[in-house]
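Residue numbers (the numbering used here), protein chains in the order written: chain B, 2 to 145; chain F, 3 to 195; chain U, 254 to 889; chain Z, 629 to 928; chain Y, 1497 to 1855; chain E, 11 to 136.
Hints were generated in silico from the structure; no laboratory data involved. Computed from a prediction, not measured in an experiment: that's the story for all the values here. Check the hints yourself; a few may be wrong.
Said to hold, decoys possible - Each computed DSS-like pair below joins lysine-lysine, with the alpha-carbon atoms no more than 30 Å apart:
(1) U:K740 x U:K863
(2) F:K91 x Y:K1809
(3) Y:K1781 x F:K194
(4) F:K91 x F:K161
(5) E:K94 x U:K846
(6) Y:K1526 x Z:K899
(7) F:K69 x Y:K1547
(8) Z:K899 x F:K30
(9) E:K111 x B:K68
(10) E:K27 x Y:K1809
(11) B:K68 x U:K341
(12) U:K846 x B:K139
(13) F:K129 x F:K69
(14) B:K94 x B:K142
(15) F:K69 x F:K91
(16) F:K28 x F:K90
(17) Y:K1663 x Y:K1701
(18) Y:K1725 x F:K161
(19) F:K153 x F:K174
(20) E:K67 x Y:K1725
What the hints assert, rightly or not - Here are the simulated distance ranges between beta carbons:
(21) Y:E1529 x Z:I636: 51 to 61 Å
(22) B:E72 x Y:E1529: 23 to 33 Å
(23) U:R848 x E:E14: 51 to 61 Å
(24) U:A807 x B:E72: 28 to 38 Å
Glycine residues also receive a C-beta, built at the ideal position from the N, C-alpha and C atoms.
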Amino acid sequence: MADVTKSPWIMHYDGTSCNGCDIEVLACLTPLYDVERFGVINTGNPKHADILLITGSVNEQNKDVVKQIYEQMTEPKVVCAIGICACNGGVFKDCYNILGGVDKVIPVDIYVPGCAARPEAIIDGVVQSLDLLKEKSKKLKEGK
Amino acid sequence: MAIMDFTKTALKNLFSKPATTQYPFKPKEYPEKSRGHVEINIDDCIMCGICSRKCMSGAIKVDRNTKTWSIERMGCVQCQACVNACPKKCLTMAAGYTAPSRELTVDTYSQPIPETKPGKIVNDMSKCILCGLCARKCPQECITVDRTGEKTWTIDRDKCVQCGACIDACLKFKALSTADDDGEKGIVTLHKE
Amino acid sequence: MESLIIVMICFPFLSALLLSIFKNNTARQIITYISSISVIGMAITFAVKYFTSGSTQLSFFTDTKIVDYGMMGIEAFLMVLVTVLSFKYKQYYAALLSIAQTALIFWFELGGRAPHLEISKMYVDQLTVIMVLIIAIVGTLITVYACGYMKDYHNHHKEFTDRRRYFFSLLYVFLGAMLGLVLSNSLIWIYFFWEITSVVSFLLIGYTRTKEAIHNCFRALWMNLLGGCGFAVAIVLAGIQFNVTDIQSLILCNGNIVVIPVILLSFAALTKSAQLPFSKWLLGAMVAPTPSSALLHSATMVKAGVYLLLRLSPALAGTYAGTMVSLIGGFTFLVMSMLAITVSDGKKVLAYSTISNLGLITACAGIGVEETVWAGIFLLIFHAVSKSLLFQTVGAIENATGSRDIETMHGLVRRHPYLAWTLVIGIAGMFLAPFGMLVSKWAALKAFIDSGSIILILCVCFGSATTLFYWMKWIATVLASKNNDIKAKNTTSANQWVSILVHSALMISLCFIFPLISKRVIIPFIHTVFNNAYEVISDDNVIIMMIMIIAIFAIPGIAWLFAKHTKYRKVDRYINGVNAGDQMNYIDSMGEKKRFFLANWYMENIFGEKKLWEPSVIISILMIVAFMVISIGGVR
Amino acid sequence: MTSTLKIILCIAAYVVFAPIVGGLTSGIDRKITARMQGRQGPPLLQPFYDVMKLLKKETVVVNHVQIFYLLTFLVFVIFTGCLFFGGFDLLLVFFALTTANLFLILAATSSHSPYANMGANREMMQMLSYEPMVLLTAVGFYLATGTFKVREIISSNTTLPVFLLPGVFVGFVFMLTIKLRKHPFDLATSHHAHQEMVKGITTEFSGEMFAILEISHWYENVFLMGVVALFFINANWWTIIIALIAVSITYFILILVDNTNARMKWEKMFKNSWLTTIIIGALNIFILEVFVKGVTLWQM
Amino acid sequence: MGERSIVPFGPQHPVLPEPIHLDLVLEDEKVVEAIPSIGFVHRGLENLADKRDFNDYQYVIERICGICSFKHGMCYCEAIERIFDAEIPERATFLRTIWGEMSRIHSHLLWLGLLADAFGFDALFMQCWRMREKVLDMFETSTGGRVIFSVNKIGGVLRDMDSSMLKSFVDIFNGMENDLRKLTHTFLSDYTVESRLRGVGILTKEDAIRLGAVGPMARAAGIAIDTRKTGYEAYGKVDFDIITSEECDGYARCAVRIGELFQSINIIRQLVDKIPEGPIATQIKGNPDGEAFVRVEQPRGEAIYYAKANGTKFLERFRVRTPTFTNIESLIHILPGSELADVPLQILTIDPCISCTER
Amino acid sequence: MREEYTLETVDIETLYKIVIEKQRAGYRLAQICATAFEGYNELIYSFALDYTFENYKVIVPIESEINTISDLFPSAMLFENEMKELFGVQIKSINPDYQNKLYRIASPTPFKKEVKEAVKVVKEGE
Ligand code: SF4
Ligand code: SF4
Ligand code: SF4
Ligand code: SF4
Ligand code: SF4
Ligand code: SF4
Ligand code: SF4
Ligand code: SF4
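Throw the hints in and build the complete structure from the sequences for me.
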């Protein structure tokens, strides 16, 4: 029967990205890539989301935001760092206001490389997250 | 003013094939110049480290001692700067992105460590015309040529990475060549007679 | 029976006298408690006696010369009182109106123009009993409530002189007058009690003697006196032209003949019930201390108007007067429910809602057929109980929190849970299926459809929607639960609680027993008035309603048990990721912690007083004038 | 007794099948919507997958009262549907729906969360907008068939109600865009993301609670489609087929409207719906009263 | 009337494509006051000029923003070339201009889509982005990237487009024009869309000047200013009119951008006709010394670059004043008085680019 | 073809006059930017009207305080707040003043000269 993998709802937060990855995430929803094929809905609300897609790195001001929305997500949840900035800060990692990749603040499960990450890569990232979601939900059940 | 102006398009869409690609069930075809990931022909690499220094996001690490060249895949922004800078043209930008993964992927390539020590660049000053081409081509900017004054050709041995770009630049005059490294350090100045 | 009635009417006046003598607080409280219990006791005895007596209509007092003269004396006194006060505050028109009507009545009675008929001055039927019960139970409970309330009130408002003696005795004067009014049959008697209620209301509104209070009390006075004038003219016309001096005979005449007196009486009733265009006075009356608002300006006195209309309804049916009354009522219902959306002062919302509901009753009375009268009476009962409950609760909330603004009631359920829940019961009683008000509204709608009054149907459809809106937002505000609110100390005194809780209990039990009331009381009443029995809600609907009532109490209960035992993780509310981490604040643009605030909607631009008031007053005046002209002209 | 049995059967059928029908409808809706946007769209059973997943997910709450209001909402929605399919009084059905809605609003506001609260305010605004028309619909049925009882409406021998109530029908469908949360009036919550309200009234529900909400919407939708069908049913058995076709067409039109309109603002929604109520709904009823029932103008 | 609602809006909000935060004070849903807060995207990349060789700094600069990535790179190169006082080959200027206009087309399509999304017209959003993919495909064929192109270098460009490629692009654009016309008709004349755009967010001409509005924001207020008219790169060699509107509202801003969409296609056609043969880059030697201002017209309006070099490989200061930065003031001005539902729409009608605003 | 523009160095008092003048003449504020040097900041105010583009440079010592121009040009608000926070330029009564919390960076920015020097020392030490 259907499980978590059939309906991965995503939520997207744009950290300090340059918009490049950000827009590619949005592009995934549009007709050409249409991730709703996999049951993906872009919810925009952490309480409904299974997968958090973060683009861009974290800085002083948004680290709390990232933490908050991560905490408000319900288990099982997966975090995907989309793009080089989110993975490790990319070209900006030496900037004075960049803390580095998203994993500096919250645990990142899947790294999706690319500057900007291609929609195909994002789809692959989401597909990989599905396996992880399954694992996590199994663990959650056992934990109960 | 029109009401439900979009109806025509919507109905047309409804009754025609959707625009959606079948990725990931069908592989993606990339245009030929698409910038996906950096590939290295490790055999040609001379471990000069120029690519590493050019890389804005510090994705490439070159270790001359262990002869390893590694790239942090989750750190490469596909700017192609390294490819453009590599004196040996052993880097290429290929289509297709690195697969997402649960770890920060690092790809490492290594060469067998040669027994012989790397050579040094020597100038046969008799052949040199102090044209300065080598200096211009040197990515390390370790060569200075004084054409008008002292008529010297100077090299900073500490900075030179033996990339051989200067030798290539001087192909016409064949003034430059490699010789065994004898441990000479620092700035070496040769005078034109 | 006769003596019981006399005692019942006189007893409150006696209490009033006592209350005005004793200055001591404790004594006052004791007198109040005793009077309250006695009046309730008498009323219940009265009701029981009535129902056990078997007959449906009882008449009393046929010859009452001395009493009549006594009444005239009091009337004269009232006139003098009004005149003196008017001159004191330079509001001469009030004096003018008062003198005019009293003079008219004196001319009529003393001048021998009144027909000397052997009529019963008092008359009892089911409607009377219901009114008596409402006045006795709701009314005296409010006086009990007032004991605690006025103490707090004067503690909070040191700026007003403490005139509690005066206040309480006026309340009892009023109760006596109100009982007299509903028991009377003679128009002159009704008029007499009518005048007392007007003047008492005027005095109570002016209780604090602030500038605003004076202004508002005189507005209330002149509007009510204007209605009184209409009343007086109606009496004179009815007496001289049709030889009728009592209400029962008036009804028995063919409606189209006595249309002029009826329309004038309706006019008086409209002013008393604060229908458009006379609604302003009731809003102004909210400056009075809450018990008087609860007692006079919502639960009882304003009901005198609609009571009169309900009594007259057979005479109204199908006449111009009836059309006028129903249109004004429907219109008032709609406009006032819209206006209620735009205010945030709790008492003001209650005031608007009162006028609005009175409008609905008025409309029912105006149509004047079996179903509408049925609905009207039920509306009256439910409204009296739940509005009184609401007023008292809001008053208690004001004393406890220092504000009666709806916007300050966010999360009240955590701070003052009991007050909040009684408030919710009151509000639910006002609009929620399957509580009584809604049922009556439903019946009214059905009746309007049957009578083909499309305008009224529309008024009800739209008015229900707007009514829904303002109540719903209030409930939602009160029940919002803010995690860091802690329970506050209960500062509401026991006597207040007694009244509030009895009211709540009454409210809930009414929902259960209303089919019974309908079968045993209202239907027989309608049967006698219209000679026609009528089943307004069918049995299976009653069953469903009962299921719903049980469901509305049981399901949340079960759900609550379930909810309590879930172990869901608690997280902060979603506020775009800028939570400050303390469950309440957020980080604002300046990087500081700031508390978010969630206000309700008021839609001033659409329903605002500025937008609606003047047009609706003008429309209603035009309507009244037009109908009066048509009907007076139509008879000639 | 057989009639009682029939009623119970109808109610049972509703309770059991409504979520299935509702879910499927929602699946078809999503598929058609996707295709209208030139996308492939989700699988047909996606709504069920979604709910299954939600039921398996963790639930987080702001406070526990939320749950209790929401459960009450569910029960009352089902109750409403039962009353309707049980063939009871139409007005009562709509009142029950209002009561149900109150609990939804309470569920949202009780969390005292800005977005849920704003969503709830808008929901109230929506109720204010559609309520008159909904009541008028009941009035219309009464005028057309002489009864409020659904049971009697479908067994009446008059012409199809829709022929007498074309305006009311149009008005009701207009209000359906609000009730079914379709553009241009999906103000309080939208099926689509990207709204200024975030997820509006549903913002604070997660996991199981959100699943419950979704299921109650299915129940509600089936009930509403039932009301649409009511316009096309009379005592003849074949009218049921007509009704089914009519419901499908209506739903398709709603989807089309959903995909060809921008979301409007509350003021426009309010004004448009009241105007529709007055112009189309009330006029229809007026004409019905005057020409069919012969009520004179004066009695208005 | 009681107290007013105070509601936080953003940074994580589904309707906001980028993080920005507003403290909204609402009356019902009418915005009474809006205080913005930025800094969620602030990286401090201007400061990287201190650490990166001026040649390589180009790669940082083009990542200021992924929408006008190309333009940022181009302007940076332009600024440095100006300090060197170097001329670049004409073909390079043409290539830059073509890519620049393609950027504008993709940016405006993206914006139209987001706008549709903000007023809740999903189907329209999808349609716009579907169209935009075609432009991205052209970018990928010509530069190798969909978003970040890395084709600029100081002294010219890194990649050439041959004539057959250019021709095929023109053909694609010709084909798109018709679809675009249909699409934009919905924006300009659909009842519900109009009701969301017309009369909303009025910025008068006087205010626009006072508040320093630029780009479509200013043009929609009737100010005919378009930095392209200064003739940088190859703009001096093409013929186009400034598109303005006098209506000053959201609708006007939408209309202006739609006009520019077709205008850009037209400009590309002219450029492809006129493009000369020749080299695509010149050698530039040494280190820059001196300072220079450069202004260009980005899709969002005028951007100003200031570079100050001190004769070393590292610039003393590099400063980017992006259009959104100066348009934010206009946003603050138009927000009060609008509805909450208009807030995302208002934010969008200035076409904000927060990542370039905060750098 | 390259655009012509002017760049003049003026003192701060003259600048205030120019600002008023420009505002009257219908110019818009194009930008303000700061460059940090040891002991002073170099600010450039740019104004534009149609296609004219005029820039005025002022030298502001670190310790001296300057006036805001946000009353005349509201859009100066962001520029000034930014300079204040990133460069430590002291500006009086900006409307509104974010009190160095516009970007909310954790540590003092490397733009500020004291910091810049420190960074340089570290760099050399490497
Ligand atoms: S990875 Fe590249 S494209 Fe993505 S946000 Fe970072 S800089 Fe932009
Ligand atoms: S392509 Fe750019 S980022 Fe990637 S390794 Fe080469 S230089 Fe570094
Ligand atoms: S620049 Fe080329 S040769 Fe040198 S290390 Fe890099 S890859 Fe090897
Ligand atoms: S460039 Fe290299 S080979 Fe030539 S002299 Fe320098 S170190 Fe030697
Ligand atoms: S051949 Fe080479 S070394 Fe000889 S003179 Fe020419 S350039 Fe110099
Ligand atoms: S070594 Fe060769 S290239 Fe260098 S200066 Fe001499 S001649 Fe020129
Ligand atoms: S001197 Fe020659 S070999 Fe050495 S780095 Fe320069 S070019 Fe390469
Ligand atoms: S506006 Fe700024 S950040 Fe956005 S696309 Fe343009 S330059 Fe880039």
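Taking the hints in turn, this is what the structure says about them:
no.	hint	verdict
1	U:K740 x U:K863	violated (39 Å)
2	F:K91 x Y:K1809	holds (25 Å)
3	Y:K1781 x F:K194	holds (26 Å)
4	F:K91 x F:K161	holds (21 Å)
5	E:K94 x U:K846	holds (22 Å)
6	Y:K1526 x Z:K899	holds (17 Å)
7	F:K69 x Y:K1547	holds (28 Å)
8	Z:K899 x F:K30	violated (50 Å)
9	E:K111 x B:K68	holds (20 Å)
10	E:K27 x Y:K1809	violated (38 Å)
11	B:K68 x U:K341	violated (70 Å)
12	U:K846 x B:K139	violated (40 Å)
13	F:K129 x F:K69	violated (33 Å)
14	B:K94 x B:K142	violated (39 Å)
15	F:K69 x F:K91	holds (17 Å)
16	F:K28 x F:K90	violated (36 Å)
17	Y:K1663 x Y:K1701	violated (40 Å)
18	Y:K1725 x F:K161	violated (48 Å)
19	F:K153 x F:K174	holds (20 Å)
20	E:K67 x Y:K1725	holds (26 Å)
21	Y:E1529 x Z:I636: 51 to 61 Å	holds (58 Å)
22	B:E72 x Y:E1529: 23 to 33 Å	holds (30 Å)
23	U:R848 x E:E14: 51 to 61 Å	holds (54 Å)
24	U:A807 x B:E72: 28 to 38 Å	holds (37 Å)
In this structure, the hints that do not hold are numbers 1, 8, 10, 11, 12, 13, 14, 16, 17 and 18, in rising order.
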